[in-house]
Structure formats: C-alpha cells, structure tokens
Amino acid sequence: MSNSGIHRTPTPSEVGGSTRPRLDNNSASKVAKPDFYYGDRYKLSNWLNQMNLYFLFNDITRNKTLFATTYL
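Going by the numbering used here, the first residue of the sequence shown is number 1, and it counts up by one from there.
Any given hint might turn out to be false.
Here are the computed lysine-lysine pairs in the DSS-like style, where the Cα-Cα straight-line distance is at most 30 Å [as the list claims (entries may be wrong)]: (1) Lys30 to Lys64; (2) Lys43 to Lys33; (3) Lys64 to Lys33; (4) Lys30 to Lys43; (5) Lys43 to Lys64.
Simulated restraints, written as ranges between beta carbons of each label pair [claimed, not checked]: (6) Ala32 to Asn63: 14 to 22 Å; (7) Ile60 to Thr9: 27 to 35 Å; (8) Asn63 to Gly39: 16 to 24 Å; (9) Thr69 to Ser45: 37 to 45 Å; (10) Tyr42 to Lys64: 22 to 30 Å.
These aren't lab readings, by the way, just hints derived from the structure by calculation.
Beta carbons: idealized from backbone N, C-alpha and C, even for Gly.
Required output: the full structure, derived from the provided sequences and hints.
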C-alpha cells in the first residue's frame with residue numbers, strides 16, 4: 001500500500017518552529033502595564049493573566065519575579 005495519497009500534518013518545527021510570537025522594538029502591538037495587586041484573592045487570576053501577557057509581549061525573560069514584586 002502506497003503512502004503517496006496520504007497527507008500528514010506537519011510538525012511545528014517543520015512549519016515555523018517557535019510558538020512564541022517574535023516582536024521587535026518597532027512592533028505596533030502594545031500591551032498596557034499590569035494593574036497593581038492589592039491582595040484581593042478574587043482578583044488574583046486576572047492580575048496573573050495581565051502579568052503573563054505583559055511578559056509575553058515585552059519579552060521579559062529575566063527577573064520576572066523582581067518585576068512582579070514591584071506591582072504587589
């Protein structure tokens with residue numbers, strides 16, 4: 001049986017490699033700075049999402065903990 005008629009799904013490395021968006025300094029995408037967190041446990045999930053988005057779009061790879069503590 002020949003596989004010539006069967007199409008397979010390419011792997012991520014074959015398509016484009018990294019799944020993380022690559023942004024340069026002149027990128028038009030801007031994300032607002034995260035809100036300050038004042039200890040309300042009901043707002044924690046939203047604050048963590050804001051932090052993750054800020055880290056992702058601003059390519060903060062070092063000192064994430066230090067940055068996050070400035071918003072506590």
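For each hint, the structure was consulted:
no. : hint                       : in the structure
1   : Lys30 to Lys64             : 18 Å, holds
2   : Lys43 to Lys33             : 16 Å, holds
3   : Lys64 to Lys33             : 14 Å, holds
4   : Lys30 to Lys43             : 23 Å, holds
5   : Lys43 to Lys64             : 20 Å, holds
6   : Ala32 to Asn63: 14 to 22 Å : 20 Å, holds
7   : Ile60 to Thr9: 27 to 35 Å  : 33 Å, holds
8   : Asn63 to Gly39: 16 to 24 Å : 22 Å, holds
9   : Thr69 to Ser45: 37 to 45 Å : 18 Å, violated
10  : Tyr42 to Lys64: 22 to 30 Å : 23 Å, holds
In this structure, only the earlier hint numbered 9 is contradicted, and the remaining ones agree with it.
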